[in-house]
Amino acid sequence: MIEVHDLSVDIGGRTILQGVDLSAPAGQLTAVIGPNGSGKSTLLKALCRDHRYSGEVLINGRNLTALSPAEAATQRAVLPQSSNLPFPFTVREVVAMGLTAGRPGPTGEALLRLPEQALTAVDLPGFGGRYYGELSGGEQQRVQLARVLCQVWRPVLDGVPRYLLLDEPVSSLDVRHQLMIMDVARRFADSGGGVIAVLHDLNLAAMYADQVVALRRGEVVAAGPAEQVITDQVVADVFECPLQVGLAPSGGAPFVLPQSIRRDAPVHSRVA
Amino acid sequence: MSSVMTMAGIIRQRREAGDRSHLGRAAVLVLAVVLVLAMVLSMTTGASGASAWTILKGWLGMAPGELDGVRDYAVIYHIRLPRMILGVLIGAALAVSGLLMQGLFRNPLADPGLVGVSAGGSLGAVSIIVLGTTVLAPLTALLGIYSLQLASFFGGLVTTFILYRVATRSGQTAIATMLLAGIAIGALAGAVTGVLVYVATDAQLRDLTFWGLGSLSGANWVKVAASGPIILAALAVSPFLAKGLNAMTLGEATAAHLGIPVQRFKLVTIVVVAAATGASVAVSGGIGFVGIVVPHLLRLVIGPDHRYLLPATALLGASFLLFADAISRLIVAPAEMPIGIITAAFGGPFFLWILLRRRSAFAW
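So the protein lines, in turn, are chains A and B. Under this note's numbering, the residues of the first sequence are numbered 578 to 849, in order. Under this note's numbering, the residues of the second sequence are numbered 315 to 678, in order.
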């Protein structure tokens, strides 16, 4: 479990996060939602120790500040928003960096096969020999996810659950791959690992998350199961935008249909 | 023979697409052989007709009267051997320094010359050459024959730490700030060096000019003893930086997520670069482009994985400098052309070619 107690982050004298409490249990997918500038990415960065913070972050009961970088790398892997490489690495070489960093689990021959398995998991089988710099943005994002998966390949190792911290993992993906990548994250959680994902798409959050945390101006407004957080009330409040939440015909998960704020000027009447 | 078999074995090994580790291992083996050849070449070429082979024959009594044993012994052991050893050490040091800077700054065109480390080292050395008999006389008396090496190493270190202090805020080093600060500090060191050159005597000016062009011609055992341990220590540390350099290409934050203690890694890298560059500059002056040309060529062949790139760069850097030195000795024999002219003649056009290539489709 990743536990956050009274977390605050100041950057350049401005308070970005204030008194955030959160617990992300192993075996669950926790989605963090909120408008731009609400502190979602800062929260994730604090959990990776990229930012200084006050308060306490515990990972599997141990204080984050007490972990060495190498120890932390065996317990959680982090997907950044974007990565450019200054040197001509092949896709396989990038993915294999996850092998030397964390503790994937498998050893020997099986370890050497991991990069290709991870690439297959993100729907890039056979891409190992391509140059990273020649791929599209969405493909690069999936290569990075494959690298991250290699770092903590077994969601639970020696009885200790590991965590994926994903910063907008599907932001540059087409709809098919959005679902595919969320499935990968979902499977990781179902196998006993923990996932914390910053998501912009409320529908993906509703569909995949066990727990949704809504942030607004650096504070947690609501946290809980999707059907309690993704409601007309909370969504309108958090995003300051009237949105209609419905229930999906299959499964009954909430869904959000974006509508123009200008109610008085619906699309069809503007055409006429 | 056995190394050829090993190499064939490595290349035949089954491997996954995009895995170039076999190329890296093969390159290290091939370059080790190339370095041995370069060392033999370096020992057997020069203005004097002496060669290691004739010495050996003389010892074995196979060719009595064919050579002047005492003179050739002196040429081999007091001139060529220390020169060859310094060539190997300085070539490796310059090439590895360039590679480390490029990895640290995530920029394939970075070089100790670029961030003022060489300029700081030069200032230290020039101070000793110009002021060693007057203002700095107590210092040179104290340090004796080591004063040039230590002053240069000290200059490189001071430059690097000023750079580090200027560019580092709350434990984070901003690479862009560091590059710009490097240009400013380099210019400052250059200006002070200019003042020293202005007050130098004619004889000192001649020393400065030849030292500044870069040369191994003054090599002797004292210089080997003064610079060798520093360079060897720096080279010995560098393999431990390989994993960190790989991770750093993904950015500082991601390197930390991959378990690299980033601040400590950067500090160690900087000290290694300053030590290797300073100790080299003291002996040979400004030998340019080795740190750009060698890593770049190898990246084209074996890829940028620093676990193989580091040893390969050290080996090729050493060979490159020995070959350049051999050319510098032969081209205008019995006189010598400063080696910096040879490396610049290769490196300048190569650097322009890299810049032209970077404008095309590839993203590096």
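Source of the hints: derived by calculation from the structure; they are not laboratory data. Worth double-checking, as some hints may not be accurate.
From the derived model, a few chain B residues whose C-beta atoms are all more than 12 Å from chain A [stated by the list, open to error]:
| # | residue |
| --- | --- |
| 1 | R385 |
| 2 | F419 |
| 3 | V472 |
| 4 | G508 |
| 5 | Q518 |
| 6 | T523 |
With beta-carbon atoms standing in for the labels, derived distance ranges [stated by the list, open to error]:
| # | chain 1 | residue 1 | chain 2 | residue 2 | range |
| --- | --- | --- | --- | --- | --- |
| 7 | B | W667 | A | P602 | 53 to 61 Å |
| 8 | B | T523 | A | G614 | 34 to 42 Å |
| 9 | B | Q577 | A | V752 | 40 to 48 Å |
| 10 | A | T642 | B | V536 | 46 to 54 Å |
Virtual Cβ for every residue (Gly too), placed ideally from N, Cα, C.
Taking each numbered hint in turn, which are not upheld by the structure, reported in ascending numerical order?
Violated: hints 2 and 8.
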